[in-house]
Amino acid sequence: MSAELGSRSASIGYDETLKREDVHKASEKGPKLEQTEELRVDTNDCKSAKDLNALGWSHLEQFRHNGSLSRLEQSIECFSRAIILTPGGPPDMSCRYANLGVSYTDRYRRLGDLADLEKAMECYAHGVALTPDGHPDISDRHADLGVSYNDRSRRLGELADMEKAIGCFTRALALTPVGHYNMSGRYACLGASYTDRYQCLGDLADLEKAMECYAHGVALTPGGHPNMSRRHAELGASYGHRYQRLGELEVLEKAIECFTRALALTPSGHPDMSYRHAELGVSYTDRYRRLGELADLEKAIEYHTRALALTPDGHPGMPERHASLGISYGDRFRRLGNLADLEKAVKYKTRALVLTPEGHPDMLRRHAELGLAYTDRYRRLGELPDLEKAIKCHTRALESTPDGHPNMSHRHAELGVSYSDRYRRLRELSDLEKAIECFTRALALTPDGYPDMSHRHAYLGVSYTDRYQGLGEVADLERSIEYYTRALALTPDGHPNMSHRHACLGASYTHRYQRLGYIVDLEKSFEYHTRALALIPDDHPDFPRQHLSYALSLLDQYNHTGNLVYLTDSLHSFRMASQHFSGAPRENFQHALHWANLAIKQSVLNPIEAYQTAVDLLPQFIWLGATTSQRYQDLLLTDNLAVKACYAAIQSSNYSLALEWLEHARCVVWNQSMMLRSPLDQLHSSYPDLATRLESISSQLHTHSFDTQQVQPAKSDSLTPEQVGQQRRHLAAEYHNLLSHTRELPGFEKFLQPLKADRLISAVRNGPVVILNCHTDSCDALVIMPKHDQVAYLPLPRFEEHKARLACSQLVESLGKKGQRQRGVKRRDEPSYEEGFVSVLGTLWSDIVQPVLSHLGFLGNTPRDHLPHITWCPTGLLTFLPLHAAGDYSQPQSRIYNYAISSYTPTLTALLASTPSQLNRSCQVLAIGQATTPGLSRLPGTTKELVHVQAHTHNKADYTQLMTARQLPQPFLMQWNTTTGSIWLATPVRTSGIQSRAAFTCMTALSTCLLSTDGRSRTRVSHFSLPARPRPVTRTCLTKQFILHPAC
1 MSAELGSRSA
11 SIGYDETLKR
21 EDVHKASEKG
31 PKLEQTEELR
41 VDTNDCKSAK
51 DLNALGWSHL
61 EQFRHNGSLS
71 RLEQSIECFS
81 RAIILTPGGP
91 PDMSCRYANL
101 GVSYTDRYRR
111 LGDLADLEKA
121 MECYAHGVAL
131 TPDGHPDISD
141 RHADLGVSYN
151 DRSRRLGELA
161 DMEKAIGCFT
171 RALALTPVGH
181 YNMSGRYACL
191 GASYTDRYQC
201 LGDLADLEKA
211 MECYAHGVAL
221 TPGGHPNMSR
231 RHAELGASYG
241 HRYQRLGELE
251 VLEKAIECFT
261 RALALTPSGH
271 PDMSYRHAEL
281 GVSYTDRYRR
291 LGELADLEKA
301 IEYHTRALAL
311 TPDGHPGMPE
321 RHASLGISYG
331 DRFRRLGNLA
341 DLEKAVKYKT
351 RALVLTPEGH
361 PDMLRRHAEL
371 GLAYTDRYRR
381 LGELPDLEKA
391 IKCHTRALES
401 TPDGHPNMSH
411 RHAELGVSYS
421 DRYRRLRELS
431 DLEKAIECFT
441 RALALTPDGY
451 PDMSHRHAYL
461 GVSYTDRYQG
471 LGEVADLERS
481 IEYYTRALAL
491 TPDGHPNMSH
501 RHACLGASYT
511 HRYQRLGYIV
521 DLEKSFEYHT
531 RALALIPDDH
541 PDFPRQHLSY
551 ALSLLDQYNH
561 TGNLVYLTDS
571 LHSFRMASQH
581 FSGAPRENFQ
591 HALHWANLAI
601 KQSVLNPIEA
611 YQTAVDLLPQ
621 FIWLGATTSQ
631 RYQDLLLTDN
641 LAVKACYAAI
651 QSSNYSLALE
661 WLEHARCVVW
671 NQSMMLRSPL
681 DQLHSSYPDL
691 ATRLESISSQ
701 LHTHSFDTQQ
711 VQPAKSDSLT
721 PEQVGQQRRH
731 LAAEYHNLLS
741 HTRELPGFEK
751 FLQPLKADRL
761 ISAVRNGPVV
771 ILNCHTDSCD
781 ALVIMPKHDQ
791 VAYLPLPRFE
801 EHKARLACSQ
811 LVESLGKKGQ
821 RQRGVKRRDE
831 PSYEEGFVSV
841 LGTLWSDIVQ
851 PVLSHLGFLG
861 NTPRDHLPHI
871 TWCPTGLLTF
881 LPLHAAGDYS
891 QPQSRIYNYA
901 ISSYTPTLTA
911 LLASTPSQLN
921 RSCQVLAIGQ
931 ATTPGLSRLP
941 GTTKELVHVQ
951 AHTHNKADYT
961 QLMTARQLPQ
971 PFLMQWNTTT
981 GSIWLATPVR
991 TSGIQSRAAF
1001 TCMTALSTCL
1011 LSTDGRSRTR
1021 VSHFSLPARP
1031 RPVTRTCLTK
1041 QFILHPAC
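In this text, residue positions in the sequence shown follow full-length UniProt numbering: the first is 1, and each later residue adds one.
Simulated from the structure, these hints should not be mistaken for lab results. Be aware that a few hints might be false.
Cβ-Cβ distance ranges computed for the label pairs, FRET-style [stated by the list, open to error]:
(1) T776 <-> Y518: 28 to 36 Å
(2) S430 <-> M785: 52 to 60 Å
(3) D493 <-> S430: 34 to 42 Å
(4) T485 <-> G449: 13 to 21 Å
(5) D616 <-> G747: 17 to 25 Å
(6) S686 <-> G941: 46 to 54 Å
(7) T942 <-> G857: 31 to 39 Å
(8) C808 <-> S686: 46 to 54 Å
(9) E253 <-> Y518: 39 to 47 Å
(10) S699 <-> E478: 55 to 63 Å
(11) P882 <-> E749: 28 to 36 Å
In silico lysine to aspartate or glutamate, EDC-like type, Cα no more than 16 Å apart, as pairs [claimed, not checked]:
(12) K787 <-> D758
(13) K164 <-> E118
(14) K299 <-> E253
(15) K524 <-> E473
(16) K254 <-> E212
(17) K756 <-> D789
(18) K347 <-> D376
(19) K750 <-> D681
(20) K392 <-> D431
(21) K119 <-> E73
(22) K209 <-> E257
(23) K434 <-> D421
(24) K756 <-> D616
(25) K750 <-> D616
(26) K524 <-> E482
(27) K434 <-> E388
(28) K392 <-> D376
(29) K803 <-> D777
(30) K164 <-> D133
(31) K601 <-> E527
(32) K299 <-> E358
(33) K524 <-> D493
(34) K392 <-> D421
(35) K119 <-> D92
(36) K347 <-> E118
(37) K50 <-> D92
Glycine residues also receive a C-beta, built at the ideal position from the N, C-alpha and C atoms.
Build the full structure now, drawing on both the sequences and the hints.
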């Protein structure tokens, strides 16, 4: 709740100077100018100081009525000339300085220029010095000076200015006679200063004094007075502060009542109208956070939006308007899970930070608020850079917060949350220790009775639970139960976090039951999880999470009692946890994965449904709105889903489903890229406008998927990385909507949907395809024959994942002894290198290849001049093993190449896409080879391979070969920026109707690595871009772009 502190009193103390016009009328007999007459009066027409003074006040009132800056400038000019023309000394001169100070104060509050505030203070100081003791205006002079000290304390955060302001206002109040027309203003200004000191030091006594002053201010203001709206707003702000400190709901209701009354009393067009809406927005935010009523949050957003619209550009309150609106959008995201709200929260909070002057006391809040938005986005999208940004923001906020500041506990807590998140992602114990340190410090700094006290205990409960799970110390588990229990006790009934408190405590009791076996802990766990589920609304984003916890608790009950009712009930909760609409896609996928991993061991939990749910959710977990590198990182978190799902389907004898799951889940990122580049000819013929739009979005999304920068110099108006990310996510959402719309059209129900087994099987044309699924418990082969419509199944019981791991280790060790693992290392061959290599090839032969050949009937009399062709499609660790070289090299006719020619494919879809085509002279082939690099070992076979490629293309295609930099043709342009890791290649290419193709022959599963000829730069390829559709034939030059990331 600390994010809103400071906006409460944004308008308090503003009105003490409003009565200067009454002072002028009472002390001087200058001409009274009507509005229509005043508009025709020029400054040069005024011959006396009194006339200038009167004209200055007319201009000032016009500014205050309609916000016209030109009127304000004219008032300063009039008051300045009046001082020059004033012949007398005190008290006339003191009045002139006071009036000029009023205008400078108004301009400072309008434009935020600190120089205007310093001029105002100088004028007010002259006014005090020139006013004799006992003069009727002496109280006004002290009040004027107090206003300036108050303004400066809010701008620079200096406690000394707050103390001076309180001193001035106290003196002004003491000097004001009973019944004075502005007695209410005296109380209001003193109340504002006590409020500021409360916010700085956190002393509740100052808040009580402020409330007392504001109550006097309201009581002393007559009905119908222009300042009545401000008096109600001031009192409402003090109620708001009290609620935020003590959590008394009835006090919050009083705040809303005061602010509502203040808004109703503020005339349309009044400069304070934006403040009125902002104040109500803050109070409705507070009530939403206390009661969880979505209607209150919608009102908060409505009021903050209106407040922002009413605030003119350049106004000092503009940063607060953006920040408050961003806070409300952040709240709505956490409640409804709409990514658009999160993007708005980041946008408005970023804007608030940019608009806040350096050195402003609110700067630390801006960093903290933006850090919370980055935390939300990290949890929603899983992108680690957002978490690092959150830590940076929270660290900056903490370092900028002075010792003794009331919000210091918030700063420690916020930083602790980010460290906790990073620990759960990277599992660095140091992050967890930092989180515990931050949370412990936050708890120690939180006063008793503070509403956030329950949060402080809950955070520590989370961290000690994490440490127990990491280190296994029962003492940490006991601490977590202690803190969670205290957090629950401190959470008031009806609070939105009540469900979460029960769930956390239930989880700790679950851990203790699983560790110590106490039945009472099992019963408590079930009780708390049941209560947590009952307390959460079914449209809340946490609803699926509570169902997952409840499902796991039901499983514990089943394992203890054997009662099948618990098991069937848990199935229902697993479905809700992974399929309910309110859950975030990433969480729903993780819930489905958890369900599937349990279901494979317990058939009642329906493993086929569980894995189908996980596979269906996978594209949402690895979604197009993330960069390609982020999607590959997310792929590592999918827990080998494709292999496990395939295994589950095989166990159910559903081999076609096993094939589909393996195909769809293994290469999800590649499939997404191919989907963006798919031709839309059929859609073009039926719905050309839709196809054009979808094609445009696809092209943009493909470009935005890569988070590297171009080599060309950045333009001054180029987008920031944050804007690029937002645009990418917007494009992904629009692309998804267009796909959904297209699939609702007749004949396009399966548009760009994952291919079914029958379509995948049709890709097999030139010999059998053998898909190898290497699971922890078994290895299985799915065999597809050309012109067959069924998938055959072949178990390989002698091989499983641990053998594959051992084989990979032996292979790496063997190649290392040969000196072929690293190009920069030259060493002599060790005699034992062949042993490991031969052992690996023998294992592959006996456990995998020979059984497959036997199943295919290839071990008989196979004609040597016409060997059959096998296409291997391995999974998991098998992708790193040389199946094409398998054999028992100690025995004759025991090698795969005696019986078949081998090749590989990553997916069946790749075979489907590679339609047969004939080379012709319109085709162009560019072959690049680098057999040697100075200072590094040779790449064997490179030159020989290029000879074969050239022979194959001889007289069939336009062939270009590059072996050294000196062979680069003149039109061939290459730019390589080793700082950004980017390569640009541009060469004239004749366009044709055939889509361009390119391939690298040496690559890992996720990237290709290039090493420059100077040996100084190793670069990993993550983006190779070619046009998805041929460009018009009038274009004679295509640009091919490589974007690369430097690798260690």
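Problem set entry | Given pair status - E253, K299, alpha carbons within 16 Å | It holds: about 15 Å lies between the C-alpha atoms, which stays within 16 Å.
Exercise. K392 and D431: Cα distance at most 16 Å?
Worked result: This hinted pair holds, its Cα atoms lying about 14 Å apart.
Exercise. Is the Cα-Cα distance between K209 and E257 16 Å or less?
Worked result: Not OK: K209 and E257 at ~21 Å, beyond 16 Å, violated.
For this session: For the pair supplied as a hint, K601 and E527, confirm whether the alpha-carbon distance does not exceed 16 Å.
Result: violated, 26 Å
For this session: Could you grab the alpha-carbon distance between K347 and E118 and see if it respects the 16 Å cut-off?
Result: violated, 33 Å
Problem set entry | Hinted pair K50 and D92, Cα distance within 16 Å | holds, 10 Å
Problem set entry | Holds or violated: K164 to E118, with C-alpha atoms at most 16 Å apart | Holds, at about 15 Å.
Exercise. Are the Cα atoms of K254 and E212 separated by 16 Å or less?
Worked result: holds, 15 Å
Problem set entry | Distance restraint hint 55 to 63 Å, applied to the beta-carbon atoms of S699 and E478 | Because 58 Å falls inside the window, the suggested range holds.
For this session: Could you grab the alpha-carbon distance between K434 and E388 and see if it respects the 16 Å cut-off?
Result: With Cα atoms ~15 Å apart, K434 and E388 stay inside 16 Å; holds.
For this session: Could you check the hint for me, namely that E253 and Y518 are 39 to 47 Å apart, CB to CB?
Result: holds, 45 Å
For this session: Decide if the proposed pair is consistent with the structure: K750 and D681, CA atoms, cutoff 16 Å inclusive.
Result: The given pair, whose Cα atoms are some 15 Å apart, holds under the 16 Å limit.
Of the hints listed earlier, those the structure fails to meet are numbers 11, 15, 22, 30, 31, 32, 33, 35 and 36, in rising order.
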